[in-house]
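Chains as they are written, first to last, in my numbering: chain D, 1 to 464; chain Y, 1 to 189.
The reader is advised that the hints may include incorrect statements.
To give a feel for the contact side, a few chain Y residues facing chain D, derived at Cβ under 7 Å [as the list claims (entries may be wrong)]: (1) Ile57; (2) Thr61; (3) Tyr72; (4) Leu130; (5) Gly131; (6) Cys133; (7) Asp134.
Since the hints were made in silico from the structure, they are not lab data. Even for Gly, the Cβ is constructed at its ideal location relative to N, Cα and C.
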Amino acid sequence: MPAFEPVLTRNFAVPDSQTLRAYESRGGYQASRKAITEMDPDKVVQIVKDSELRGRGGAGFPCGLKWSFLPKDRQETFMCVNGDESEPATFNNRLLIERDPHQFIEGILISCFATKAATAYVYLRFEYIHAFRIMERAIAEAREAGHLGKNIYGSGFDLEIYCHRGAGAYICGEETGLIESLEGKRGWPRIKPPFPAIEGAFRKPTVVNNVETLACVPHIIERGADWFKSIGTPKSYGPKLYCVSGHVNKQVCVELPLGVTTRELIEDHAGGVWKGRKVKATVPGGISMGVMSADEMDVKLDFEDIKKTGCLGLGTAAVTVMDDQTSMVDYLYNTSRFFAHESCGQCTPCREGTGWMYKIFKRIKAGGGRLEDLDVLTMMANNMGLTPGTTICGLADGAAWPVKNVLAKFRPELEEYIKKNQSSKPLVTPLQKAIAAGTVAEPVALGGRVYPAPQPALRSPGGS
Amino acid sequence: MASDVTTPMLSEAIRDKIRAFIPRYPNKRAVTLPALHIVHEYFRCVPYQAMAEIAEILEITPAEVHDTMSFYGFFPQAPIGDVRVWICRSLSCMITGGDEMLEHACKKLGVRSGQTTPDGKLTVEFAECLGICDFAPAALADDGRIFGPLTPEKVDAMIEELKKDKDPVDPTHGLGSSAGPATPSRPEG
Ligand SMILES: Cc1cc2nc3c(=O)[nH]c(=O)nc-3n(C[C@H](O)[C@H](O)[C@H](O)COP(=O)(O)O)c2cc1C
Ligand code: SF4
Ligand code: FES
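Pulled out of the complex, with its shape left as it was, chain Y reads as follows:
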């Protein structure tokens, strides 16, 4: 687990990306969360060695990075799938069928919530309110695609779509028609 001096895990490019955040904050420790996100985005997990190397860059102890990391149930230690999808189980989604949608997705994929499909393509997780309750029961992929209101058929279609490919960063920032099957609802005035 100790960081191996000869083969650093984080490349110079990743280190630069982390260092670029340092001027934003009065102290380096504040870069912990951005650094964890950068590492997580690249490796799809945050292994111990990466934590030690983040600590080195930020001049704090590895334990401090681990302390912060472990508080958020967000950073896994082994790689998750190419796409991570959260299915909401909070109130507005649950009463419209969220729990059943999660169960359906898990059954369909043969995994339990929190696990990755054997082909490494998709990780399914439950989540508390995703802030997209206007799509309830809703799901969110970690590339920003929103799915909902879900039905068992739509869950199947969602899985198909998510397994195909990662969404390239959408030039319309999710506001155009390419935002996935759902177009954000317009509030009325």
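So here's chain D without its partners, still in its complex pose:
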């Protein structure tokens, strides 16, 4: 295979890569000009469809196909770009926005032209503070240069891009949760159908795409669908930003063709496992996707092969490496804590399931585990999520998968932990402790993310 030449990250090392000048000097906004002045929207959709570009946000849905679901007779379309990126261990969208905002804007521009959207909302998680500032500036620059606004390139096509900032909720990354949040409501995912393509933001046909998905679009227009399909494995095409973090010497984000293995990522790009240790397990694509054991390190991280390991899918291709001293109990404690914290609470199996999973792992970790817990957990994991069909969105599947995978791959370790770690003292819950002491129980100590009682104002509001 010829050496891979970076595509999405090709401008990252260029000085001032976030400026319009630098981007244009590297051939930027040629693809959008070509698409908007020489093609009609359906042609652009067809090219993207031919490239078989699959969504990079987690679900891997073919992008062109999604666009073709929009009703033909629609009056108005909205584009929502999913920059909520809250899946633990994932940070590639942040780099794409911070390092090359104009590539991203060009991607939005072409995609909006293809889907006939005149307004694009970039839903950016609040924590991406630099990325937000950079985007605002890049949008202003692009508008001034005529890449955005009215009658772009004299074609009669109008487009405005607005950044909409989130407020720290993971569930707003789910596409309909994002739409609800955009509309100014709580980020509760909607029951589908209707899918956003039919009835999305403000009850209008809406396209939701991930930042990285859209960043691929200008390159596909520029170099063609066949070029795109020449990268990657026989079934998963294109370049992908892989993130590697956790127990490695160098936590990085690298761009590679789809289909590298975890071993290659760790050894060739992340400088190996830290402290000279060995890998025990890796999380393949954000914690929702489950976990792979050390034996599965040669499985290709693409849309197909990864499923053979029993993982949910490629997800965001963000790998967390755990060394041989990591306890799987800690891992499950962490993932269950995350999902219990982030469940939006609409569906009982998810709200209660994630909450109880967290409580059980907390108890096991503290030395109060019982062997029967593992069967209860298996049953719970099998009964929550879109897979058994008991919830509205996929968060519950993400919560169940780590549990399912660990019980399938590391059950003996959990059993041993439970047997060896039995605290002789009866476990006292924080609530029991508080009652015994005659004090008021602290909600924080009981587990959930509850803010402590507000303190009296330190300064009078407004008098800063």
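Fit chain Y with the ligands to the given chain D structure using the hints.
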């Protein structure tokens, strides 16, 4: 709690800032989140009266604003410190020591997660993945400064720095050397 007609909490300047968002969306309710952010940035909290006044500007009910506000564990009702710092506790950070860093910071400051130091300078909170896992275990200040990979010593240094002053908006947008102790890592191609 009811809004007092004689003394509005939101100044005309803040109201204008909120109103400037209205043309961006097909309806006014969509401005709820931007409005909450504007108020929060100014007051470092979102008191009930402010919610009622936002509702008035957006022509929705105060309950609708409160409903949205309370969904996100982001907007406190009493002012937080001058700087708010989040310490990540999600997987990549936890396995590299995130939970211990949070504990260390809390102990050092004599507060619990979610609380503000008595001098009103710093609020420490845990957070789920901050999207800066290349700095794991990592922390993020609400002015955009990134800290990591943290060690107990680096947490001490971080606290010192955060207590000094708020970062003026950095002209290099975090990409220059003034972005704090850490320079963003470069992906390799
Ligand atoms: C719980 C949950 C969280 C999600 N979070 C994100 C996210 O942070 N960013 C993202 O792009 N997609 C996220 N998704 C996937 C989106 O629902 C959606 O599939 C995606 O944005 C579509 O874009 P794509 O086709 O370009 O991948 C999430 C899905 C679920 C179920
Ligand atoms: S599955 Fe969980 S997160 Fe998703 S809608 Fe239901 S309760 Fe909310
Ligand atoms: S896991 Fe801590 S920043 Fe992502």
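Verification of the hints:
Interface hint status for Y/Ile57: violated, as the beta-carbon distance to the closest one in chain D is roughly 12 Å, over 7 Å. The beta carbon of Y/Thr61 is not positioned within 7 Å of any beta carbon in chain D (closest approach about 12 Å), and the interface hint is therefore violated. For Y/Tyr72, the interface hint holds, since its Cβ comes within 7 Å of a Cβ in chain D; the closest pair sits about 4 Å apart. Because the smallest distance between the Cβ of Y/Leu130 and any Cβ of chain D comes to about 5 Å, under 7 Å, the interface hint for this residue holds.
The beta carbon of Y/Gly131 comes within 5 Å of a beta carbon in chain D, closer than 7 Å, and the hint placing it at the interface holds. The restraint placing Y/Cys133 at the interface with chain D holds, with a minimum CB-CB distance near 4 Å, inside the 7 Å limit. Restraint check, Y/Asp134 versus chain D: the minimum CB separation of about 5 Å is within 7 Å; hint holds.
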